[in-house]
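*Asks:* Guided by the hints, dock chain B with the ligands onto chain A, whose structure is given.
These protein sequences, in sequence, are chains A and B. Just so you know, we're using this note's numbering here: the first sequence kicks off at 1 and counts up by one. Just so you know, we're using this note's numbering here: the second sequence kicks off at 256 and counts up by one.
Note that these hints are calculated values from the structure, not bench results. Because the structure is a prediction, the values reported are computed rather than measured. For each residue, glycine too, the CB sits at the ideal point set by N, CA and C. Among the clues, some could well be false.
Claimed, not checked - Okay, the calculated bits of chain A under chain B, using three or more residues with CB under 8 Å as the criterion: (1) 114 to 127; (2) 162 to 172; (3) 181 to 195; (4) 224 to 234.
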Amino acid sequence: MAQVSSIADEQAPNPLSASKSVLLRISRFNPEFDESNKFMEFSVPYQKWTTVLEAILDVKKHFDHSVAVRYSCRQATCGSCGMLINGKPRLACFTKISELDSDVVTVEPMNNFPVIRDLAVKFERLFDTHQKIKPYLIRDDTELESDQREFLQSPQELENFIQFANCIKCGLCNSACPTMTTDSSFVGPQALAQAYRYVADSRDKGKDTRLDIIDESHGIWRCHFAGSCSQVCPKGVDPAMGIQFLRGYLLGFRS
Amino acid sequence: MTQDENKEGVKGMVNPGRYGIERIAYLLMRLTGLGLLGYFIAHIYETSNILRGRMGWDDFLAMTQTTEGHIFLVLVIGMCVFHTGNGIRIMMGHGGVGVGKPARPDYPYDPASQNYRHKIGIYSSIVLAAVAMMYGMAVMFGE
Ligand code: HEM
Ligand code: SF4
Ligand code: FES
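Excised from the complex, chain A in its bound form:
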């Protein structure tokens, strides 16, 4: 498996402009059969704008179609392609090879998620914790009657939470979080940031319900404000900020 295969030798995607190449190391692991992961190495030509996802798809097209990778939108919107790229959680479609500043690009599945195969991980737990914080407007009149219009909100009120509504559920924050490295029950930065997204929404009346949900031993108190979640978030959600605001409510710093 250590043998380096080169796409440049085979058939470059665009031979006229392919100038540089990078060594792409892909972690291969099938939990059904393998004891541990192995790396396959490929020499892949790239341009200034080539993304890591494109390089992986090149490998799939020219060498090994069996490389398992999840993706869809290719534009940092669907949240499918999170993986460890040179040791840090990033979106493969939103990371250009040129910006990594390295001759070697190593891709591995995200940490703190069960591996399905190779680079694809299971999201069940993230979706469960997300659901746990009740990610929808809570109010007595939750369902609109047929003759009603939408719940009104001023542009200023929108600014209070719109940043947190940017979350694409990619899970990079949960993968970077130091608490998640050891704690399987922690609710996690993704869900906590979404709890704040609804608490800060002027149309929502579920603040106490949500604060109750996160105020438990594996809830918000396991956050130590290391900030790694915010540093890897590809959408600028800044989960660490939302989490500290939530804790501000619980500690009585904010009302």
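*Replies:* Relative to the frame of chain A, chain B with the ligands by itself:
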């Protein structure tokens, strides 16, 4: 890898290399907290030596007069100062103070919660701890 959740484990938790000074502060806070806890317990044990009378007390205290004892105390000073300084920063942060204001994010999405105020807080805690350690060394070794 064979682990169900592919958790990074303690190795990932203590790896300070990837996520900037804030993650280093997180690690130092844990280490100094645990160090201080260890010192606190040892300190209770040490002071309980008074029950052995004056000789016992003096005997035990002599340990802190050795070079190793001095180095240990210098470490305690450093841990104390960093833990307190950074602890005040974290307590403010945990209350939602100084972590920035929500705003529409824009590329390259620098997170407002990881701002210069907190970075200054971390660096000054480290510098203060270093200064206090140097002062402690000057006092203890300068006799
Ligand atoms: C003025 C003095 C102190 C302040 C302001 C302070 C503040 C803090 C804060 C805010 C935390 C939580 C950090 C986090 O969320 O990760 C903490 C953790 C801790 N502190 Fe202190 N502390 C002080 C003194 C002490 C002393 C004297 C001891 C030991 C007897 C100690 C032992 C610990 C321990 C063991 C932790 C847990 C570390 C961790 O889990 O990361 N602290 N301290
Ligand atoms: S908060 Fe950011 S990193 Fe976390 S899941 Fe949402 S978009 Fe991804
Ligand atoms: S493919 Fe949709 S986020 Fe990367």
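*Asks:* Each of the hints needs a verdict: does it hold here or not?
*Replies:* We went through each hint and held it up to the structure:
no. : hint       : in the structure
1   : 114 to 127 : holds (count 4)
2   : 162 to 172 : holds (count 4)
3   : 181 to 195 : holds (count 3)
4   : 224 to 234 : holds (count 10)
Hint compliance for this structure: no hint is broken.
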